[in-house]
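Chemist: Residues per chain are reported as follows:
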Amino acid sequence: MSDMPRLETPLLEVRDLAVAFDTDGGAVHAVNGVSYALREGETLGIVGESGSGKSVHVLAMLGLIPRPPGRITGGQVLFRGRDLLTLPEKALRKVRGGEIGFVFQDPMSSLNPGMTVAAQIVEPLRIHLGLDARAARRRARELLDLVRIPNAAGRLDQYPHEFSGGQRQRVMIAIGIACRPKLLIADEATTALDVTVQAEIVALVQELKREIGMAIIWITHDLGVVAGISDTVQVMYAGRILERGPVDDIFADPRSAYTLGLLRSLPDLTRGRAGRGRLRQIEGAPPDMRAPPPGDPFAPRNAYATPRCRTEAPPLVQAAGAAPGHLVAAWYDLPAILAREAEEAR
Amino acid sequence: MRAPDYPIVSVRNLSKHYPLRSWWGGKASVFRAVEDVSFDIRAGETLGLVGESGSGKSTIGRAVTMLNPPTAGTVAFEGTDLAKLSPRAMRGMRARIQTVFQDPYAALNPRMSVGDYVSEAFKLHRPEMGRAERRAAVAGLFERVGLEPRFAGRFPHQFSGGQRQRICIARAIALKPSFIVADEPIAALDVSIQAQVVNLLQDLQAELGLSYLFISHDLRMVRYLCHRVAVLWRGRIVELAESDALYDDPRHPYTQRLLGAVPVPDPAAERARLAAEQARPASPIAEGGDLVEVAPGHWVVTRS
Ligand SMILES: Nc1ncnc2c1ncn2[C@@H]1O[C@H](COP(=O)(O)OP(=O)(O)O)[C@@H](O)[C@H]1O
Ligand SMILES: Nc1ncnc2c1ncn2[C@@H]1O[C@H](COP(=O)(O)OP(=O)(O)O)[C@@H](O)[C@H]1O
Ligand code: SF4
Ligand SMILES: [Mg+2]
Ligand SMILES: [Mg+2]
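So the sequences go chain by chain: Y and G. The first sequence begins at 0 in numbering that gives the first Met the number 0 and counts up by one. The second sequence begins at 0 in numbering that gives the first Met the number 0 and counts up by one.
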């Protein structure tokens with residue numbers, strides 16, 4: 000958990016962000032009014048169904064949405080008070096890779112196979128910090144040391160293919176933190192890695208966070224990783240935030256049926272096979288974003304949905320009786336439903 | 000449910016070597032992707048196969064089904080050595096051994112309706128079946144895997160990832176196999192869909208008496224689904240046991256590291272796990288040794 004002082008002005012404030020893609024089948028509303036704030040030094044874990052807009056909303060913040068087919072149809076992204084969405088490309092480029100570092104899973108932003116690792120780490124140091132060639136190279140070596148690439152000095156002039164998958168992701172992290180960013184965005188950064196390598200990368204990022212004091216947005220589908228590193232958790236579905244709140248409250252007192260479904264569907268690593276029943280599955284499939292359902296996007300899969308859920312999308316508001324800052328978008332009252340279920344089971 | 004005790008699949012001393020081409024003209028050597036692996040899978044049993052990427056899991060899966068036969072060792076299916084079968088007999092055997100892969104979209108043909116894709120299994124292996132009979136069988140299979148039969152005329156892109164995996168499972172069970180290799184069958188699916196597919200696999204096992212080789216890096220799901228688990232490390236099995244024994248009492252250092260690295264979806268417990276891990280950096284794992292039975296049915300590579 001963060002022991003950073005809590006500042007009044009958030010580091011990042013996303014206001015009603017909306018992104019659409021024009022496709023043959025019509026407009027895909029990939030991000031549908033996403034609003035949240037991030038404090039300095041805070042770690043926000045974002046989980047959610049694939050296609051729920053997790054990647055698109057951070058790409059939009061960084062000005063990396065391909066246009067066309069993408070369109071930012073509304074909203075603001077205030078980073079240290081400046082709206083990134085209206086920033087000229089030149090100024091945005093200084094933020095991206097400088098004050099905001101990022102590590103992605105997808106190849107779009109991953110390493111250039113034709114450039115040595117040194118060249119790729121040195122580039123942001125020269126662009127953003129204005130270091131000269133020698134200083135940048137020295138810093139590059141320190142960074143490889145920091146992300147624990149053995150024999151860093153000897154490996155600077157190697158090409159990405161000479162590194163293992165885990166090491167390449169470490170190099171990406173080195174580039175992501177090269178300029179001591181205020182914010183590091185990691186989008187499925189460990190998804191493709193072995194669980195042992197993931198554990199090392201997560202530990203490394205935690206350590207770097209303590210050292211640099213950066214805020215983190217960590218996007219993953221692994222609820223275990225999210226549980227360990229987040230201050231705040233945000234659950235997304237169909238381009239919206241369904242639930243958001245302090246990590247302990249989200250896991251102990253989920254208010255969205257989707258969050259509850261995700262938590263319940265995970266088998267327990269410590270539980271033996273004897274007497275185990277079927278897994279509690281979430282029925283149905285995620286919506287086709289070309290024709291999203293009206294109302295609450297999760298309603299078609301939600302056994303607890305009320306008629307209102309199917310016609311009117313609920314706003315994201317403070318959950319009644321939950322910890323302050325624990326928000327949910329739901330017309331139904333999950334604790335009341337669960338209490339009734341428990342009553343009936345008795 | 001306890002699995003019966005006779006093996007349906009018996010793998011003995013299986014090795015798979017890939018040639019390493021030496022472009023500098025030196026001595027050609029081989030890469031030992033899998034080395035001297037032995038295990039049985041009993042009727043109605045699920046054997047889990049776990050290990051880091053590149054450890055040889057898929058290679059074993061393809062060797063066991065003879066999609067990519069082993070360099071050495073034997074694979075016996077219901078007592079018959081597969082390497083000794085005539086091509087004709089092997090064709091018949093193929094119907095009884097099926098594979099489900101990680102990426103259902105790659106397995107499907109984008110230009111073939113999903114009904115035709117499932118029906119193809121009958122066309123290839125049951126020439127005696129007529130059109131109407133095939134169509135009825137496909138409808139039954141669709142229902143069995145939780146898809147509406149009226150979707151049979153649709154094409155792969157019209158389905159979600161979980162539905163596509165159901166289609167692949169429908170084809171895999173079409174010919175009433177007794178053994179299915181499932182190679183990372185849920186890895187590409189959303190968390191919200193994984194439980195659906197695992198439940199389906201488990202229901203089909205109970206109904207059809209299927210045996211599975213379940214290859215996965217999802218260690219939580221492996222414990223839940225598998226009767227026994229084999230841990231692969233650098234092409235060798237380093238530990239094999241009943242899954243409860245393996246998870247509750249892992250003996251090999253690699254198994255311990257692997258299980259210790261699984262994040263726990265409970266904030267307080269996971270923060271404690273991270274802190275403990277930070278305090279105790281991983282030590283190197285020694286290679287070599289022999290598989291020794293340290294407790295009934297619990298095998299561990301031990302250095303003498
Ligand atoms: N270049 C694109 N063209 C059309 N649709 C896109 C494009 N990129 C993303 N989308 C759509 O936007 C939605 C959100 O995608 P994304 O943010 O990548 O989801 P995720 O939450 O899995 O990261 C999806 O429905 C996806 O199909
Ligand atoms: N056709 C092949 N030729 C050469 N090497 C291969 C081939 N297939 C797999 N390998 C190598 O064998 C090892 C094991 O691969 P694989 O069985 O796919 O591992 P896993 O499924 O555990 O990730 C890897 O190092 C891989 O690169
Ligand atoms: S480091 Fe290079 S590629 Fe990355 S943002 Fe800066 S200029 Fe662009
Ligand atoms: Mg994504
Ligand atoms: Mg594999």
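Calculated directly from the structure, the hints in this document are not laboratory data. Treat each hint with caution, since some may be false.
Here are the computed distance ranges between Cβ atoms for each label pair [what the hints assert, rightly or not]:
| hint | chain 1 | residue 1 | chain 2 | residue 2 | range |
| --- | --- | --- | --- | --- | --- |
| 1 | G | ARG302 | Y | ARG272 | 57 to 63 Å |
| 2 | G | GLY139 | Y | GLY24 | 28 to 34 Å |
| 3 | Y | PRO323 | G | ALA275 | 48 to 54 Å |
| 4 | G | GLU206 | Y | ALA118 | 56 to 62 Å |
| 5 | G | SER28 | Y | ALA118 | 32 to 38 Å |
| 6 | G | GLY152 | Y | GLU311 | 34 to 40 Å |
To give an idea of the chain G side of the interface with chain Y (calculated C-beta under 8 Å), a few residues [claimed, not checked]:
| hint | residue |
| --- | --- |
| 7 | VAL197 |
| 8 | LEU218 |
| 9 | GLN255 |
| 10 | ARG256 |
| 11 | LEU257 |
| 12 | VAL261 |
| 13 | PRO262 |
| 14 | PRO295 |
| 15 | HIS297 |
Glycine included, every Cβ here is placed at the ideal spot set by N, Cα and C.
Chemist: Against each hint, give a clear statement of whether it holds in the structure.
Modeler: Quick rundown of the hints versus the structure:
1. ARG302(G) x ARG272(Y): 57 to 63 Å: Given range 57 to 63 Å: violated, Cβ gap about 30 Å.
2. GLY139(G) x GLY24(Y): 28 to 34 Å: The hinted range 28 to 34 Å holds for GLY139(G) and GLY24(Y), with Cβ atoms some 32 Å apart.
3. PRO323(Y) x ALA275(G): 48 to 54 Å: Violated, at about 31 Å.
4. GLU206(G) x ALA118(Y): 56 to 62 Å: At roughly 58 Å between Cβ atoms, ALA118(Y) and GLU206(G) fall inside 56 to 62 Å, so the hint holds.
5. SER28(G) x ALA118(Y): 32 to 38 Å: 33 Å, holds
6. GLY152(G) x GLU311(Y): 34 to 40 Å: Once the Cβ atoms are compared, 35 Å apart, the range 34 to 40 Å for GLU311(Y) and GLY152(G) holds.
7. VAL197: 6 Å, holds
8. LEU218: It holds, given that the least Cβ distance between LEU218(G) and chain Y is near 7 Å, below 8 Å.
9. GLN255: With a minimum Cβ separation of about 11 Å from chain Y (threshold 8 Å), the hint on GLN255(G) is violated.
10. ARG256: 6 Å, holds
11. LEU257: 6 Å, holds
12. VAL261: 6 Å, holds
13. PRO262: 3 Å, holds
14. PRO295: 17 Å, violated
15. HIS297: Violated, about 15 Å.
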